[in-house]
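S.K.: Spelled out from the first residue to the last, the chains are:
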Amino acid sequence: MANPVEQFKIEPLIPLDIGGVDISFTNSSLYMVVTVVLTTLFLTLSVKGRALVPGRWQSMAELLYEFVANMIRDNVGSEGRKYFPFIFSLFMFVLFGNMIGMVPYTFTYTSHIIVTFGLAIVIFVGVTIIGFARHGTHYLRMFFPHGAPWPTAFILVPIELISYCSRPFSLAIRLFANMTVGHIILKVMGGFVVALGVFGILPMAFLGGVTVLEFGIALLQAYVFTVLTCIYLHDAIHMH
Amino acid sequence: MGAGSGAGLGARMGVELVAGIAAGSLIGFGLDSWLGTKPWLMVVFFFLGAAASVVNMYRAVQGLDESVGLGQAARRKHQQMPRDDNKA
Numbered sequence: 001m002a003n004p005v006e007q008f009k010i011e012p013l014i015p016l017d018i019g020g021v022d023i024s025f026t027n028s029s030l031y032m033v034v035t036v037v038l039t040t041l042f043l044t045l046s047v048k049g050r051a052l053v054p055g056r057w058q059s060m061a062e063l064l065y066e067f068v069a070n071m072i073r074d075n076v077g078s079e080g081r082k083y084f085p086f087i088f089s090l091f092m093f094v095l096f097g098n099m100i101g102m103v104p105y106t107f108t109y110t111s112h113i114i115v116t117f118g119l120a121i122v123i124f125v126g127v128t129i130i131g132f133a134r135h136g137t138h139y140l141r142m143f144f145p146h147g148a149p150w151p152t153a154f155i156l157v158p159i160e161l162i163s164y165c166s167r168p169f170s171l172a173i174r175l176f177a178n179m180t181v182g183h184i185i186l187k188v189m190g191g192f193v194v195a196l197g198v199f200g201i202l203p204m205a206f207l208g209g210v211t212v213l214e215f216g217i218a219l220l221q222a223y224v225f226t227v228l229t230c231i232y233l234h235d236a237i238h239m240h
Numbered sequence: 241m242g243a244g245s246g247a248g249l250g251a252r253m254g255v256e257l258v259a260g261i262a263a264g265s266l267i268g269f270g271l272d273s274w275l276g277t278k279p280w281l282m283v284v285f286f287f288l289g290a291a292a293s294v295v296n297m298y299r300a301v302q303g304l305d306e307s308v309g310l311g312q313a314a315r316r317k318h319q320q321m322p323r324d325d326n327k328a
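These protein sequence lines map, in sequence, to chains G and A. Okay, so the first sequence: first residue is 1 according to the working numbering, each after it adds one. Okay, so the second sequence: first residue is 241 according to the working numbering, each after it adds one.
In short, the hints are calculated from the structure, not lab data. As the structure is a computational prediction, the values presented were derived from the model and not from experiment. It cannot be assumed that every hint is accurate.
One side of the interface only, derived from the structure: several residues of chain A facing chain G at Cβ under 10 angstroms [as the list claims (entries may be wrong)]:
#, residue
1, Gly246
2, Leu249
3, Gly254
4, Ala263
5, Leu266
6, Lys278
7, Val301
8, Gly303
Here's a subset of chain A near chain G, in silico, CB distances under 7 angstroms, partners left out [stated by the list, open to error]:
#, residue
9, Met253
10, Ala259
11, Gly264
12, Met297
Estimated spans, in silico, between C-beta atoms of each pair [claimed, not checked]:
#, chain 1, residue 1, chain 2, residue 2, range
13, A, Pro279, G, Leu30, 38 to 44 angstroms
14, A, His318, G, His238, 35 to 41 angstroms
15, G, Pro151, A, Leu249, 31 to 37 angstroms
16, A, Lys278, G, Val103, 43 to 49 angstroms
17, A, Gly254, G, Thr128, 23 to 29 angstroms
18, G, Ile129, A, Val284, 46 to 52 angstroms
Note that beta-carbon positions come from the ideal geometry of N, C-alpha and C, so glycine has one too.
Required output: the full structure, derived from the provided sequences and hints.
M.R.: Set out below in structure tokens:
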């Protein structure tokens, strides 16, 4: 049976070493480039016609655009509009990464925690900077609830602070765990199909269901990642 | 594993538990290396991180929003409840 975790192996395609730091172009980087190129091609080619009555491709692009635009309007408010380019890029990057990973023999970069953590830490640092830029030191006020007796600050403030700092971890682990678990299940079930011979029809049927579920999860996790970014942004902008 | 389902909530609990403790321990470790007080701050922040993850899990179970501040989140939920009832 094939090793179920072999699919996550990073292989350098173009070895590069600058100043002792390994910055090789790996299969992970290749799929990120493929994602960016595909997203750009999809979005630019589909809206090239600029038809008033959209065709099939243009409808798809408009659907994604409106989906993210509505998500920002509902979760951040009208002030979130200027962050649309970042959130839309983030959504497309995660969504296409998950979806390309569902094609057999491809590599899923969102199943690597360093990739998801990299995205999450950029969001976390960005949101914190936005919060401090808009509210100054008042931003620290939200770590202490209004009306609580002041001696509780010694225990409440550190807990709220750590709760705040755990956001990038929670964001990164959620996406990474869902993608990794799904791909391992697919691989293990695929191994059963081969190993069981005629009776492989049973895991095969199960595999069909799991594949559909995996597409759902790929979509849902891209949505969750983006909607959480919106909620964090809302916090930084409005500050209750 | 979708949001809203039982399995989704279970997965969420696991993530929150790991994330809070990881954040707390890392902060403690960082402060320790900086101030040279190994291992005391890491011990303190490990427990604070555990407390923070339990707070986050409590929020997830109660269906509170993900913004900062447990007290504010609970109050917001209570404020929203009557409005939702009127709509329905």
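S.K.: All the hints need checking, so say for each whether the structure fits it.
M.R.: Cross-check of the supplied hints:
no.	hint	in the structure
1	Gly246	15 angstroms, violated
2	Leu249	13 angstroms, violated
3	Gly254	8 angstroms, holds
4	Ala263	4 angstroms, holds
5	Leu266	8 angstroms, holds
6	Lys278	19 angstroms, violated
7	Val301	15 angstroms, violated
8	Gly303	14 angstroms, violated
9	Met253	11 angstroms, violated
10	Ala259	4 angstroms, holds
11	Gly264	5 angstroms, holds
12	Met297	11 angstroms, violated
13	A:Pro279 with G:Leu30: 38 to 44 angstroms	42 angstroms, holds
14	A:His318 with G:His238: 35 to 41 angstroms	19 angstroms, violated
15	G:Pro151 with A:Leu249: 31 to 37 angstroms	34 angstroms, holds
16	A:Lys278 with G:Val103: 43 to 49 angstroms	48 angstroms, holds
17	A:Gly254 with G:Thr128: 23 to 29 angstroms	26 angstroms, holds
18	G:Ile129 with A:Val284: 46 to 52 angstroms	28 angstroms, violated
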